[in-house]
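Residue numbers (the numbering used here), protein chains in the order written: chain G, 14 to 537; chain U, 163 to 599.
Treat the hints with care, as some may be off.
Claimed, not checked - Straight-line Cα separation of at most 25 angstroms, DMTMM-like style, residue types lysine to aspartate or glutamate; simulated pairs:
hint	chain 1	residue 1	chain 2	residue 2
1	U	K340	G	D200
2	G	K121	G	D527
3	U	K340	G	E422
4	U	K480	G	D440
5	G	K149	U	D296
Keep in mind the hints are simulated off the structure, nothing from the lab.
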Amino acid sequence: MSRVIGIDLGTTNSCVAVVENGQVTVVPNSGGYKTTPSMFAITQDGKRLVGHLAKRQAITNARGTVTASKRLIGRRFDSDEVAKSIELYPYEIVRGPNDDARVVIGGKTFTAPELSATVLREMRRVAEEYLGEPVKEAVITVPAYFNDAQRQCTKDAGKIAGLEVLRIVNEPTAAAIAYGMSRPGKDEKVAVYDLGGGTFDISILELSDGVIEVLATAGDTFLGGEDFDRRIVTHLLAWFRDQEGIDLRGDAMAMQRLKDAAEKAKCDLSSRETVEVNLPFIASDASGPRHLSCQLTREQLEQLVHDIVSQTLKTVEQCMLDANVKTKDIDQVILVGGQTRTPLVQQAVADHFGKRPHKGVNPDEVVAVGAALQAESLVSDDQNLLLLDVTPLSLGIATFGGHFAKLIERNTTVPARKGHIFTTTRDNQTAVKIRVLQGESDLAVDNDLLGEFVLNGIRQARKGEPEVEVSFDIDANGIVSVSARDLATGKEQSITVNATGTLTDDEIQRIIRDQELYEVALKE
Amino acid sequence: MRVGETLDNAHAQVLALAPGVVATALALDPAAGFLLSRVDGCTPWKTLRQIGALPAHEVDRLLESWLRDGVLIAAAPSTAASARAAKSVASEQQPASEKPEAAKPVAEAALPPPQPILAKPRPLTLPPIDPSIDLDVELQREILDFAAGLGRRYHEILGVTADADARVVKKAYFALSKRLHPDRYFRRNTGAFGAVIEVCFKRLLEAYELLSDPTTRKEVQSSEFVSQFAVGDCATAASARASSIDARRRLRERVSAMASHTRMHRERRRKAKTFFEHGMSSFASSRWLEAAGAVRLAIAFDPENSAYREEFPNVQRKAHEERAKHLVKQGEGALEMRDYAAALDQFEEALHFRPGDAELAHRAAKLALQVSNDLKRAKEFAAQAVEIEPGSAAYRNTLAGIYAAAGLTANAKREYDAALRIDPNDKDAKLGLRGLR
Numbered sequence: 014m015s016r017v018i019g020i021d022l023g024t025t026n027s028c029v030a031v032v033e034n035g036q037v038t039v040v041p042n043s044g045g046y047k048t049t050p051s052m053f054a055i056t057q058d059g060k061r062l063v064g065h066l067a068k069r070q071a072i073t074n075a076r077g078t079v080t081a082s083k084r085l086i087g088r089r090f091d092s093d094e095v096a097k098s099i100e101l102y103p104y105e106i107v108r109g110p111n112d113d114a115r116v117v118i119g120g121k122t123f124t125a126p127e128l129s130a131t132v133l134r135e136m137r138r139v140a141e142e143y144l145g146e147p148v149k150e151a152v153i154t155v156p157a158y159f160n161d162a163q164r165q166c167t168k169d170a171g172k173i174a175g176l177e178v179l180r181i182v183n184e185p186t187a188a189a190i191a192y193g194m195s196r197p198g199k200d201e202k203v204a205v206y207d208l209g210g211g212t213f214d215i216s217i218l219e220l221s222d223g224v225i226e227v228l229a230t231a232g233d234t235f236l237g238g239e240d241f242d243r244r245i246v247t248h249l250l251a252w253f254r255d256q257e258g259i260d261l262r263g264d265a266m267a268m269q270r271l272k273d274a275a276e277k278a279k280c281d282l283s284s285r286e287t288v289e290v291n292l293p294f295i296a297s298d299a300s301g302p303r304h305l306s307c308q309l310t311r312e313q314l315e316q317l318v319h320d321i322v323s324q325t326l327k328t329v330e331q332c333m334l335d336a337n338v339k340t341k342d343i344d345q346v347i348l349v350g351g352q353t354r355t356p357l358v359q360q361a362v363a364d365h366f367g368k369r370p371h372k373g374v375n376p377d378e379v380v381a382v383g384a385a386l387q388a389e390s391l392v393s394d395d396q397n398l399l400l401l402d403v404t405p406l407s408l409g410i411a412t413f414g415g416h417f418a419k420l421i422e423r424n425t426t427v428p429a430r431k432g433h434i435f436t437t438t439r440d441n442q443t444a445v446k447i448r449v450l451q452g453e454s455d456l457a458v459d460n461d462l463l464g465e466f467v468l469n470g471i472r473q474a475r476k477g478e479p480e481v482e483v484s485f486d487i488d489a490n491g492i493v494s495v496s497a498r499d500l501a502t503g504k505e506q507s508i509t510v511n512a513t514g515t516l517t518d519d520e521i522q523r524i525i526r527d528q529e530l531y532e533v534a535l536k537e
Numbered sequence: 163m164r165v166g167e168t169l170d171n172a173h174a175q176v177l178a179l180a181p182g183v184v185a186t187a188l189a190l191d192p193a194a195g196f197l198l199s200r201v202d203g204c205t206p207w208k209t210l211r212q213i214g215a216l217p218a219h220e221v222d223r224l225l226e227s228w229l230r231d232g233v234l235i236a237a238a239p240s241t242a243a244s245a246r247a248a249k250s251v252a253s254e255q256q257p258a259s260e261k262p263e264a265a266k267p268v269a270e271a272a273l274p275p276p277q278p279i280l281a282k283p284r285p286l287t288l289p290p291i292d293p294s295i296d297l298d299v300e301l302q303r304e305i306l307d308f309a310a311g312l313g314r315r316y317h318e319i320l321g322v323t324a325d326a327d328a329r330v331v332k333k334a335y336f337a338l339s340k341r342l343h344p345d346r347y348f349r350r351n352t353g354a355f356g357a358v359i360e361v362c363f364k365r366l367l368e369a370y371e372l373l374s375d376p377t378t379r380k381e382v383q384s385s386e387f388v389s390q391f392a393v394g395d396c397a398t399a400a401s402a403r404a405s406s407i408d409a410r411r412r413l414r415e416r417v418s419a420m421a422s423h424t425r426m427h428r429e430r431r432r433k434a435k436t437f438f439e440h441g442m443s444s445f446a447s448s449r450w451l452e453a454a455g456a457v458r459l460a461i462a463f464d465p466e467n468s469a470y471r472e473e474f475p476n477v478q479r480k481a482h483e484e485r486a487k488h489l490v491k492q493g494e495g496a497l498e499m500r501d502y503a504a505a506l507d508q509f510e511e512a513l514h515f516r517p518g519d520a521e522l523a524h525r526a527a528k529l530a531l532q533v534s535n536d537l538k539r540a541k542e543f544a545a546q547a548v549e550i551e552p553g554s555a556a557y558r559n560t561l562a563g564i565y566a567a568a569g570l571t572a573n574a575k576r577e578y579d580a581a582l583r584i585d586p587n588d589k590d591a592k593l594g595l596r597g598l599r
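Please put together the full structure from these sequences, using the hints given.
Next comes the structure, spelled out in structure tokens:
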């Protein structure tokens, strides 16, 4: 049997791990790095680059390099998130035929799953090189707050990359798995604070003798380390304008250089108090070339980003409430994601929980390690690990007056079954429409529609008399089926909600074929 | 065939402990005692045949003898059960009535009342041991054992004592999860056992969820105690076990539903009450329209309150009268201003609220002719007037005149004839008939 790999598909960096003889290995890429930038580029001469190679040329090819495509996955073009991405990134984002967001680089249009697939394929290649055998299956992690469409698109991306995705696991949960497996026999409640490049997640979990129960999870899919970088860039832009009177915002190359410098300065400030940002020849005008040379202190950085950090703590509080635990109940706090290296973040988390965060895990690799362990526990007979995962968002149906009746609350352990009785709103009404929704708003319109169906043949009666039982079943793979039954007549209708991404099956198949053509062309 | 039917009817029967009977005072062997403990006033006979530790014929014999001896009585079937029976009868008798209804508008399901909540587990048929699948026979047996006990009380499902603390409950849940979570058997050929494992886990999860939350746990346990046995004045500790699977299921669902809906409903009920009180005070001071609006809101917020519903028709009738009076007055005002079109509109609307006013309909018919020569509209009003007061020759004459104007002579003649039958000397009718020729 071939091996199953665990992939942490990050907004900015990705990582792959595999279990061999009971030992987890984080697989280094050919450059020796254990993480690979989630970047894809097409060069001026039409060459396709992924990972470090793509990152290296990003400065000179800002419009041909895609970063953070994860922010577009499973999103509608009209969503706020896509609007924000259009504002933030230099590459062109267009509306796709399914109202999805697509990216145009090198004269070609790419769907978001395709872009993620380029990264996944690279991670698969890295693993195959290391293992010396083909890899066909993977467990992939996503932010805890990803909705159904985003999860499905990630699965589609796996399919395009030639991987069967056995399970989508939440990033903080994967981190807890990795942590839990390193401490067998302990009963603990842990909080996983995951601040990555693009997203923030918090999960509260309980570990006991190999069973990992997710108590609650919450997050913000648009808050991460890149927001730190952006604050620094804004600061540098303002500083340069004050000093030299030149606005660099319109200059894509200067912006990319600033972004790089900001990220580096941010990382350096985690270990040093002061850094010097040096960007020679950043601009030029009639009087000759201009250089940016500016001191940045840790204190300055902390002033720039402290509100982002306090925002994460609000989400933490929400999650603690959902989990019904108090800070004193938390035995361990685990930090995940590169951004948690920032001393301000560590300090804020320590203050919030009243204890120093756990130092034993590598925040960049722990998620991939957990994914690999979950993959192993699924396919092997090994009985050491069981993950009791939860649904990230509430499920229910639309009711009279545009309300949303939740049947399965978020953070419910799966598999689960929940039912509720509904009735009619008009006299002699013989049919009800069941609209299956996902989300947290009490208003139906604010939630995502997963599917709908009509139950006919309800016995004619005064309104409020018929009893229609609606039940939700959610299996361990997160697949939801909904049935409605008239208790009087026994008539029943049901649907299995097929999570739909932004691509149809045909489109996925076509992309896979195109890609094969492209690979053949490469070899010739 | 007939015998079979009556037998089935008997077995659909629901039994209850007769009032005053002290179950614990009866001399019964454990199997019979267990059976009696399951008689709770809502479990049907045929279910009793399946849950007892006795063969079906033995269950029948015991139940029949207890019925004879007056230990048990036939219980009134629960309202839900009878409603259900009525519903199925109706649908059997009028199967054709479903068809035209399909075209009716489809409304979204309304939020239900908080109490009747059910989420019945699918009937689970246990598969036989199958040595060919990827589960060893011992494990299959373990799963079957667990599945057979899914109807037990929650703490029994978890295998802990009734007073076990949260930590013990969790430990048990985790340990059982390790055996029963579907992920344990990922990609293994579990045959028919796959579905059983999933049902087992869902039930296990439910037991854990209800027992680990102090509020639901309290409700589950205290209400289990208030079983049908307690009604029969013998609330002993032993009788706490008497609650049946069905009763407990209803309870559980009520508990979980209440947990999520209670707060919302309380808030809604409070609002409804405020509206209703406001409505009643408006009614008392003859502000009919205001009263109707407020009571309507009260019902919208608390559709279950029968007091509001009972009061509503009175309030609404008054409000309608008020509204019609007001509209007629406005219509007459418009007439004085010679704004005939506006007057017609006012009269037409007034007719909605006072549909039994033949004279109003008659006036509207005449106005419709006068204003726009709208024969169709005029005909409808006139026909309405005739329908309300078939004995009025004047209304029939108006209707006949409209028919005549529309060229429908046969209809016109019919109406004139009718008018003459009412009053043989009616000049208008005679004149009209002559005009037709």
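Do the hints match the structure? See the list:
Our distance criterion of 25 angstroms between C-alpha atoms is met by K340/U and D200/G, whose separation comes to about 16 angstroms. Proposed proximity of K121/G and D527/G is supported: the alpha carbons are some 12 angstroms apart, at most 25 angstroms. Of the supplied pair hints, the one linking K340/U and E422/G holds, its CA atoms being roughly 24 angstroms apart against a limit of 25 angstroms. This hinted pair checks out: K480/U and D440/G have alpha carbons roughly 23 angstroms apart, not beyond 25 angstroms.
For a cut-off of 25 angstroms, the pair hint linking K149/G to D296/U stands: about 23 angstroms separates their Cα positions.
Violation of the numbered hints given earlier is absent; every hint is satisfied by the structure.
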